[in-house]
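Chemist: Can you make the complete structure from the sequences, with help from the hints?
Residue numbers (this note's numbering), protein chains in the order written: chain A, 301 to 533; chain B, 244 to 812.
Source of the hints: derived by calculation from the structure; they are not laboratory data.
Any given hint could turn out to be false.
[Stated by the list, open to error] DSS-like cross-link-like pairs, simulated, lysine-lysine; straight-line CA separation at most 30 Å:
#, chain 1, residue 1, chain 2, residue 2
1, A, K422, B, K759
2, A, K479, B, K592
3, B, K320, A, K479
4, B, K518, B, K409
5, B, K592, A, K311
6, B, K320, A, K502
7, A, K479, B, K585
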Amino acid sequence: METIALEIDGKRVTVASGSTILAAAEKAGTDIPVLCYFEHTSSKGLCRLCVVEVEGATTMQPACVALAQNDSIIQTRSENIDRIRRTILEMLASTVDLSESPDLLEMLLDYDAVPERFQGGKQLLPDLIDDNPVFIRDYAKCVMCWRCVQVCAEDAQYAFAINFGGRGFETSIATFFGKAMPETTCVFCGQCVGVCPSGALKAKTEHLLELGALPEEIFSETRMRRKSKRRRT
Amino acid sequence: MSEAEVLDLGDLEIILSRHSSLDRQALIPVLLEAQKPYGYLSEALLLAIGQALRVPLAEIHGVIEFYTLLYNEPVGKHFIRVCTGPVCAQVGSHQILEKVSQQYIADSTTTVEEVPCLCLCDNAPAALVDEVPIGNIDRGAMGTPGELGREVGLGFIGGEERWLTKRCGSVNPEDIDDFIALEGFAALRRALEKMQPPDVIREMKASGLVGLGGAAFPTGLKWEFAANAESDTRYIVCNGDESEPGTFKDRVLMEGDPYSVLEGMTIAGYAVGAKKGYIYVRGEYPRAQKILQNAIETARRMGYLGENILGSEFTFDVELRSGAGAYICGEETALFESIEGKRGFPRLKPPYPTTHGLFDKPTAINNVETLCASAWIIANGAAAYRARGTDESPGLKLFCLSGDIVQAGVYEVPFGITIAELIELGGGFKGEPQAILLGGAAGTFVRPEDLDLVLSFEDLKKAGHSLGSGVIFVINQEHDLRSSLLSLAEFFSHESCGKCFPCRMGTQRQFEIIEKAVQGEANKADFLALDDIRYTMTNSSICGLGITAGTAIGSALELWPDVFAVDHG
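Modeler: Here is the structure:
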């Protein structure tokens, strides 16, 4: 195996050629914050929280997708990097509900983020969608990491039940014409729920338990709904 | 799906039969064509399209939601699209929009829409009435769409020496013989008969031509990279998605000299070793599309496209693709995604288009003006090209003058002239100048005191500016600069694709802060937040849109710190 050596925050590390900066940093014991990055989905470099400074590069590099280069010298924290991370976190926290994103809440503290500076700005807080017996969709908590769309498509299930709605700031996760989940090609595999990092997708049972429902109520509700479930043929 | 049973799919079958390969890449053309006879893209219609092209319904929905010219709910048979871009906005386009909207409020056959920039800035205020570009709209007299204003022509073209625009306006763009009579296809003939592909690349490199769409990458080098990339298939793509506010030069070239664009593409194809080229033209340029489609068909019939071009071994053909209302698709990788039938999300780079471009194949993508300049260079030689301009910025460049200038239009001038000289060519300022936007919405402002700035890549870079797409947009003292900044902020928030976080949220928050500032309600903290947003977008966005979304506003705040009344409390 071909290896390369580089320096991350002053620490020398040797990794396999073709490793990302993120992987190299992990090996060096350096923690780079990530949001959209997930080991089991293809990296899209969306959130940019993982940007780092590579000596000699003209722009900051997203560590999750940028490959580590031999002999490069990388800084994972600096005033400039922190400024970017803080601003992204502030914009995100002022847009959606991060109450069920403990990692992000911790990051907000770590970077001294003050989301209140964007108070009064547009927020994305749609109503919770409860349209099937398996899971609920609470997009007010969606951080747009794309993982659900990815696992629903080529990254895992090939069900293609969800994609995007809108554009720009208003980009959302959507089904065909906003249809209820049972009327889509969803196979209720639950993978999207499993990869959601922010509590936007949640098992129906968990949701009902949080609401204080009794086990027999939960059972009856999910069973009733299952009987009436319509599936595309 | 009871709706499907009643929907007559006859028109769709005809549309599908016109497409040789029924797969994902046909999606956007089929959607655009299908909504004409059917009025809009209904569920039943999309079900049929999804089945025919094998595209999941959720993904089709995602595509429709991305592009403003695709409609999944009923719309009028007729459209009036009023431009509210920065140039039109300062001559009353919002009042026009309001008036037209009121006029048609009860008329379900006509849909009135706002477009962020129609790139008819030389004829502002402008609108697109169905497929007819209308300009110089008189705010007072408005009745029927026909009375809105007259169809605009090619527009004014200036410049003492005209290389790329010499045929524009003087030939019939529909007539291939007119083109041939004025040295048309001389470059292609020279390339095919006297040069090997590496010779063409050598000549291009020697010319010093760089991309004239804004990115300024050396064209010869780009072709060489694509030619050397390992692959059995390569593509040429012509970027005719001109949507940068203040820019209209590519429209003039495409409408005025379509064969020259095709000639440039064909030469590029020969140099790179591509058999197929795509020309992607924004959806709001229906007239340019019509002219180009005619040119493609005529050139094919006359043996300038297709197999064994001019009796050589070389085979090359061009397909026209329409955009569907998304500024971001002018970004090269977003454009590829669009041709492939997807939402126009820019890709991560690397890999670069010259190795992994359209359909993941090596691709040379060039702007319209760049390809026309390439044809000129192969016809006249690199030395002739270098005889004008500066050492580092050789040749002539098309500049787009608009706003408060006596004669708005496209001006073809040598690199190295000053802004003052260019303004003089345009007949001077209208009124007392206040600010000049240089390079486009993604550019920077300059002050009237800075008119001796030299228009070349190297001089502008030194001064902290960029040439962008060649925009010179003048704002005089009668206008409120704050409105212009608001217009720019609104533009970017509307056009951000929503992929990367810095741009998706940054363009929105930038717009909100400028909106607050225009109302006199922004405080010092808001401007500090704006600085952070700009820094974040510039240094961490995926593509050029986010990287430059704050530069014009940032430069204005730097030049005129008092433009907004700041509440220091």
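Chemist: If a hint holds in the structure, say so; if it doesn't, say that too.
Modeler: Evaluated hints:
1. K422/A - K759/B: 13 Å, holds
2. K479/A - K592/B: Violated, at roughly 35 Å.
3. K320/B - K479/A: Holds. K320/B to K479/A sits at ~27 Å (cutoff 30 Å).
4. K518/B - K409/B: With a Cα-Cα distance of about 29 Å, the restraint between K518/B and K409/B holds, given a limit of 30 Å.
5. K592/B - K311/A: Roughly 27 Å separates the two Cα atoms, so the pair holds.
6. K320/B - K502/A: 43 Å, violated
7. K479/A - K585/B: Holds: K479/A and K585/B sit about 21 Å apart, inside 30 Å.
In this structure, the earlier hints numbered 2 and 6 are contradicted, and the remaining ones agree with it.
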